[in-house]
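Modelling step: build the complete structure from the supplied sequences, incorporating the hints.
Number of protein chains: 2
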Amino acid sequence: MDPLAIPEIVIGRLPLYLRTLDLLASQGQTVASSQELGSRLGITSTQIRKDLSYFGEFGKQGTGYDIQYLREQLRSILQVDRCWDVALVGAGDLGHALVNYADFERRGFSIAAVFDKDRQKIGRRIERFEVLDAVTLPEVIKERRVQIAIIAVPAGEAQEVADMLVNAGIKAILSYAPITVTLPEHVRVHTIDPIRGLQSMTYYLNPDQS
Amino acid sequence: MDPLAIPEIVIGRLPLYLRTLDLLASQGQTVASSQELGSRLGITSTQIRKDLSYFGEFGKQGTGYDIQYLREQLRSILQVDRCWDVALVGAGDLGHALVNYADFERRGFSIAAVFDKDRQKIGRRIERFEVLDAVTLPEVIKERRVQIAIIAVPAGEAQEVADMLVNAGIKAILSYAPITVTLPEHVRVHTIDPIRGLQSMTYYLNPDQS
Chain E
9 MDPLAIPEIV IGRLPLYLRT LDLLASQGQT VASSQELGSR LGITSTQIRK
59 DLSYFGEFGK QGTGYDIQYL REQLRSILQV DRCWDVALVG AGDLGHALVN
109 YADFERRGFS IAAVFDKDRQ KIGRRIERFE VLDAVTLPEV IKERRVQIAI
159 IAVPAGEAQE VADMLVNAGI KAILSYAPIT VTLPEHVRVH TIDPIRGLQS
209 MTYYLNPDQS
Chain D
9 MDPLAIPEIV IGRLPLYLRT LDLLASQGQT VASSQELGSR LGITSTQIRK
59 DLSYFGEFGK QGTGYDIQYL REQLRSILQV DRCWDVALVG AGDLGHALVN
109 YADFERRGFS IAAVFDKDRQ KIGRRIERFE VLDAVTLPEV IKERRVQIAI
159 IAVPAGEAQE VADMLVNAGI KAILSYAPIT VTLPEHVRVH TIDPIRGLQS
209 MTYYLNPDQS
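First to last, the protein sequences are chains E and D.
Residues in the first sequence are numbered from 9 upward in steps of one, following our numbering.
Residues in the second sequence are numbered from 9 upward in steps of one, following our numbering.
Hints in this document: simulated from the structure, not taken from any laboratory.
Predicted model, so just to flag it, every value in this text is computed and none were measured.
Incorrect hints may have been included.
Unchecked claim - Keeping only pairs whose Cα atoms sit at most 30 Å apart, straight-line, the calculated DSS-like set for lysine-lysine is:
1) Lys58/E - Lys58/D
2) Lys125/E - Lys129/D
3) Lys125/E - Lys179/E
4) Lys129/D - Lys129/E
What the hints assert, rightly or not - Simulated coverage check for chain E against chain D, where a stretch passes if three residues somewhere in it have a Cβ under 8 Å from a Cβ of chain D:
5) 21-33
6) 80-94
7) 113-122
8) 155-161
9) 176-183
10) 203-210
To be verified - Far from chain D, some chain E residues (derived; all Cβ distances over 10 Å):
11) Thr71
12) Gly72
13) Arg127
14) Gln128
15) Phe137
16) Pro146
17) Asp171
18) Pro192
19) Arg196
For glycine and all other residues, C-beta sits at the position ideal for the given N, C-alpha and C.
Okay, here's the thing in structure tokens:
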């Protein structure tokens, strides 16, 4: 099946299902219904069954999903049954937090190199990484064939960094910069925007209470 | 109209529209079509018109949206035409990055206090904040009637912090912890999960290239 034939929004939900199944497995659970997954995620069970049906038949009516099997299938679909190298650009507070983020390796990713253009940061260590000069970025990325990068630089530098990453061969960017970076169509970008999350909750709050 | 009558996914897209309109306005643009917004966001123009139609008539056929007017309307709908106090829990690298995140104030939020339970962090300053002992959290949140909190603590502490926040009266939580926290139904939670973003992009990558 053409991977692009499946709606992006469906693909975007699969990691949520996988994260929830990982959690249930870690608690020793072996079977889960679409109702249980749905109630944990605030998604209808119908939606979950419909999303999964794009990829095959994963559960039997009435018995629920075999958690271990569905995890393996989702990891294979999302291609995280392997470990992807990730280039991290930005060695500030956020860069430090990301290097220390324990979940990457367990969920399919490994930070391969950390870059910054700040002379004061280059050469310093963050955990097991020496911060590399951003001018070496194209070379390192090409040599290691890295396809994924994380942008953790200030907004004003994000577009320049994104252009540099794309020229070096990066195909997918996770951006923490609070701007929408403009990229060629063949490059995927996912923006982490805390304000978006906050603004989608204030809609429901009662402003008179505070 | 009952706020809950509008699908959550629609509400979740409004901040994207607002962010894009803010950007266009900052570039001096005064009118935008649903096509232009759509192509910038990777959302169909039909979807955008449908989302906005829940709240009224914001554009005339053929002339596009008045950017300033639509921004004001969206800010009002999302209730970010005011400034919300936010409690930040966790004064590590991520907490530092969030305190220094310039976009909060401009987009409707103001960090009101920073908490940590680590003796080595309590009393230290991060920019204009003195890090407060987490045991004072209920008191401070109640006194200032804060309704929104950000969790920037390790996964293992997130549920405990979330429970404490809810007991103190918090109604909306933005969580950076890579676990799904369990909360009462009346409390909204939005999880920032970088792996989710990465995993939804690897689906489209060619693993043989790297």
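- Query: Are there hints from earlier that the structure breaks, and if so, what are their numbers?
  - Reply: 19
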